[in-house]
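Kindly produce the complete structure, drawing on both the sequences and the hints.
So the chains spell out like this:
2 protein chains.
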Amino acid sequence: MNFPPEIQERFLKDELVAAIAQESSTGEILMLAWMNKEALEKTLETKRVTYWSRSRNSLWVKGETSGNTQDLISISYDCDGDAILLKVHQQGSACHTGERTCFHRELTK
Amino acid sequence: MNFPPEIQERFLKDELVAAIAQESSTGEILMLAWMNKEALEKTLETKRVTYWSRSRNSLWVKGETSGNTQDLISISYDCDGDAILLKVHQQGSACHTGERTCFHRELTK
Chain A
27 MNFPPEIQER FLKDELVAAI AQESSTGEIL MLAWMNKEAL EKTLETKRVT
77 YWSRSRNSLW VKGETSGNTQ DLISISYDCD GDAILLKVHQ QGSACHTGER
127 TCFHRELTK
Chain B
27 MNFPPEIQER FLKDELVAAI AQESSTGEIL MLAWMNKEAL EKTLETKRVT
77 YWSRSRNSLW VKGETSGNTQ DLISISYDCD GDAILLKVHQ QGSACHTGER
127 TCFHRELTK
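Here the protein sequences line up with chains A and B, keeping their order. By the numbering used here, the letter at position 93 of the first sequence is numbered 119, and the numbering carries on one by one without gaps. By the numbering used here, the letter at position 6 of the second sequence is numbered 32, and the numbering carries on one by one without gaps.
Keep in mind the hints are simulated off the structure, nothing from the lab. It is possible that some hints are incorrect.
A few chain A positions that, by computed beta-carbon distances, are all more than 12 Å from chain B [claimed, not checked]: (1) Asp40; (2) Thr91; (3) His115; (4) Gln117; (5) Gly118.
Using 27 Å as the maximum straight-line C-alpha spacing, the simulated DSS-like pairs for lysine-lysine come out as follows [to be verified]: (6) Lys39/A with Lys135/B; (7) Lys63/B with Lys113/B; (8) Lys63/B with Lys39/B; (9) Lys73/A with Lys135/B; (10) Lys39/A with Lys68/A; (11) Lys39/A with Lys63/A; (12) Lys68/A with Lys135/B; (13) Lys39/B with Lys39/A; (14) Lys68/B with Lys39/B; (15) Lys39/B with Lys73/B; (16) Lys73/A with Lys39/A; (17) Lys63/B with Lys135/A; (18) Lys63/A with Lys113/A; (19) Lys113/B with Lys135/A; (20) Lys63/A with Lys135/B; (21) Lys39/B with Lys135/A; (22) Lys113/A with Lys135/B; (23) Lys68/B with Lys113/B; (24) Lys135/A with Lys68/B; (25) Lys113/B with Lys73/B; (26) Lys113/A with Lys68/A; (27) Lys135/A with Lys73/B; (28) Lys73/B with Lys63/B; (29) Lys113/A with Lys73/A; (30) Lys73/A with Lys63/A; (31) Lys113/A with Lys113/B.
Idealized CB from N, CA, C, for every residue including glycine.
Put into structure tokens, the structure is as follows:
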């Protein structure tokens, strides 16, 4: 699959792109994870979001074991090609804690 | 400033955290950039978003020259502490191209 040059360049350097998952129906940010070329290709092909797990060093089909899958609606990419934005329909919870979003704690001064 | 242990751990290892900027009033994702400890502290203290520029290796007060500043509304952080979500009021455009958001191009198969 041919990606835009900004993204292609990252993969050629073996860099990962940051992938933001946003619930399409509400605009809520669910999580941030990482993708390599294979994960991005698989996500586009299957319409089921697949990340690259940095801790396990392997492809990670989101929700494969928990059932909390992410159905892909659309993908956009940023001006320097180091981040993509996934609009998804989240089944159940995005976070492994059971919270709907991984960003469930506020940071205060 | 004392950050939650998940975030503190990143800074102790000299890692950056990914910072997602979301327009508070609309839910639109504006950009993704990076923060070190100093950038996060400065953002919380001044309520004006400051990133760490990886290309220039320096603090980057968003909009300092362009006027397209980001006023901080709130910050949340994710379960593994490698990403934060900034809710902001964006003045003008977030993207250096003049587009409102850096994610202005769609990726298709």
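Against the structure, the hints come out as follows:
1. Asp40: Given that every Cβ of chain B is farther than 12 Å from that of Asp40/A, nearest at about 16 Å, it holds.
2. Thr91: holds, 17 Å
3. His115: holds, 16 Å
4. Gln117: The claim holds: Gln117/A sits with its nearest Cβ about 18 Å from chain B, beyond 12 Å.
5. Gly118: holds, 15 Å
6. Lys39/A with Lys135/B: holds, 22 Å
7. Lys63/B with Lys113/B: The hint holds at about 18 Å.
8. Lys63/B with Lys39/B: Roughly 11 Å between the alpha carbons, so the hint for Lys63/B and Lys39/B holds.
9. Lys73/A with Lys135/B: holds, 10 Å
10. Lys39/A with Lys68/A: Since the Cα atoms of Lys39/A and Lys68/A sit roughly 20 Å apart, the hinted pair holds (cutoff 27 Å).
11. Lys39/A with Lys63/A: Between Lys39/A and Lys63/A the Cα gap is close to 11 Å, so the pair holds against 27 Å.
12. Lys68/A with Lys135/B: Distance of about 10 Å is within 27 Å: holds.
13. Lys39/B with Lys39/A: Roughly 23 Å between the alpha carbons, so the hint for Lys39/B and Lys39/A holds.
14. Lys68/B with Lys39/B: holds, 20 Å
15. Lys39/B with Lys73/B: holds, 26 Å
16. Lys73/A with Lys39/A: holds, 26 Å
17. Lys63/B with Lys135/A: With Cα atoms ~13 Å apart, Lys63/B and Lys135/A stay inside 27 Å; holds.
18. Lys63/A with Lys113/A: holds, 18 Å
19. Lys113/B with Lys135/A: holds, 15 Å
20. Lys63/A with Lys135/B: holds, 13 Å
21. Lys39/B with Lys135/A: The given pair, whose Cα atoms are some 22 Å apart, holds under the 27 Å limit.
22. Lys113/A with Lys135/B: holds, 15 Å
23. Lys68/B with Lys113/B: holds, 16 Å
24. Lys135/A with Lys68/B: With a Cα-Cα distance of about 10 Å, the restraint between Lys135/A and Lys68/B holds, given a limit of 27 Å.
25. Lys113/B with Lys73/B: Holds: Lys113/B and Lys73/B sit about 11 Å apart, inside 27 Å.
26. Lys113/A with Lys68/A: holds, 16 Å
27. Lys135/A with Lys73/B: With Cα atoms ~10 Å apart, Lys135/A and Lys73/B stay inside 27 Å; holds.
28. Lys73/B with Lys63/B: holds, 15 Å
29. Lys113/A with Lys73/A: holds, 11 Å
30. Lys73/A with Lys63/A: It holds: about 15 Å lies between the C-alpha atoms, which stays within 27 Å.
31. Lys113/A with Lys113/B: holds, 18 Å
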